[in-house]
Structure formats: C-alpha cells, structure tokens
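*Asks:* Residues in the sequence shown are numbered from 5 upward in steps of one, following the numbering used here.
For the record, the hints were derived by calculation from the structure and aren't laboratory data. There could be a bad hint or two in this list.
[What the hints assert, rightly or not] Below, a list of computed lysine-lysine pairs in the PhoX-like style, where the Cα atoms sit at most 20 Å apart: (1) 11 / 90; (2) 143 / 11; (3) 119 / 269; (4) 119 / 90; (5) 90 / 117; (6) 117 / 237.
[Claimed, not checked] Computed spacing ranges between beta-carbons, pair by pair: (7) 151 / 20: 19 to 27 Å; (8) 93 / 166: 22 to 30 Å; (9) 9 / 183: 18 to 26 Å; (10) 92 / 164: 33 to 41 Å.
Yeah, the Cβ is synthetic: ideal placement off N, Cα and C, and Gly gets one too.
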Amino acid sequence: MRTVISKDGTTIAFDQSGQGPALILVGGMFEQRALDTETAKLAALPLLGQYFTVFHYDRRGRGDSTDTLPFAVEREIEDIEALIDKAGGSAFLFGISSGAALAMEAARALGSKVKKLAMYEAPYNDDEAARQAWREFRKQLTELLAAGRNGDAVILFTTLVGMPEEHVEGFRQMPMFPMFEAIAPTIAYDAAALGEDASVPTERAARVTVPTLVMNGSESYPFMPGTAVALAKAMPNAQHRTLEGQTHEVAAEAIAPVLVEFFNK
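Kindly produce the complete structure, drawing on both the sequences and the hints.
*Replies:* Here is the structure:
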C-alpha cells in the first residue's frame, strides 16, 4: 500500500503495479481495495501491467483512505488529481458504474492531465420514472445517514438497483455487509457524482474533449445502451462500444484487452 495526500489533507491509499503510462482505476459504489471485485481483479491482471502503471485506490471514506468533511464532488476530483501528480502529471482514467461518472467529471475538470478516458456503464437514466425514483432515493438516503442508520442506507441502495425484498435479510447476514455498512456515508458521494436526478448529463459530457471510450454490456440493465450512446454522441471525441455477454459487473478478462487497445492507440 502507498499513499498520497489530497489538497484538503485527506490521505488516499492506493496500490501500484505494472510499468508504462499511468492508468487510474476509478471504482464505483462500495468499491475498495480490500474487496474481491472485478475492479480489483482488473488491477491485478498481468495484461494491464504489461502496458501500464496501474493505480487502484480507495476512494475517500473507504478502506485505508481517510475522509474530510464537508464533502463535494470537487474533493474527489482533487483526489484523482493528487494521484495523477504522483504518477508524473498525466494519466489515463478508467471509471466503472458511478466511478465512470466521477471519472468523466475529473476529465472535464483536469484538462490535459487526463490523456484519455474510458467509461463503463455510468448509470445515468433519462426515464422520467427512474429520475423520480432517484430523487426520492437521495432524499431518503440523506435522512437515513443523518440518523446514523448506515445499514438501512445500504439496503436502500441495493433495493433501488433491484435486490428482491426476500433477499434483504440474507444480505444483512453476509460477511461483507459490515464492510458495506462502515462506508455507507460514501453512497452519498456516488449519488452526488450522478447528480440531482441521474439524468444523462449531455451538456457536461459535451465539455469532455479528451478521446473517450463509452462502453456498456449487452446483458446489463435495459437502459444502459441508450445511456452509453447518448454520452458518446454528446462528447466531441468519443466512441461507443458494446461488450457482448457482459453484465453491469464486467469481467476483468473481458474489458482488459479493450482498454489496452483503446489507450494504446
């Protein structure tokens, strides 16, 4: 484990491996280095290490990283900038799920420090019912976190994304649940990155000028293809790609060669 200090004094913990240009992996909801996720598997994949110096970090408030309040999305962009500066001043970014939304905001804000951007399934959704559900989710999330009901905040999110009610109690008993509960306040950080109603931010996307690859999986949520296409069309220098057979939890082995191809062009 290595660390870097962000602009506001927050310590950001990261693992570094491989050699070559810097590639920073921006994880989504609950992602942290200690979890056995596809992002963690991607960070450890020898293929990436052959071409890039890979940075896999704990976003603030998670894992071995500290936190500093009050929160703003700008603080997480500063965390990414601190990692980029540590890497030598420029880097490729790959973000997954809500981490893709954060990576897009970082690419928009940091200019030439971000050489290229790859995004997998930023969960924006223009459907009016989904937008209303997101607004209600953010309201309830704020109330639960203010009351210290971290476990209920975790359940609120997992049911929003489709966990059946009959699975909730079993989920609470899983060994990983206390880890999720401990970092529940950071759910609000991902929510902030996605915006007030999580609609597709085409105006903001249009200000991302770096070469960008916007991806979705063919077996994921039904709204993801439309979202990916809308983002790619809005960006002046973007392309869209569907990864066949992949769900929202994209397999490391499936996406790694795509990233190598895109970043090495």
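*Asks:* Of the hints stated earlier, which fail here?
*Replies:* Checked against the structure, the hints that fail are numbers 2, 6, 7, 8, while the rest are satisfied.
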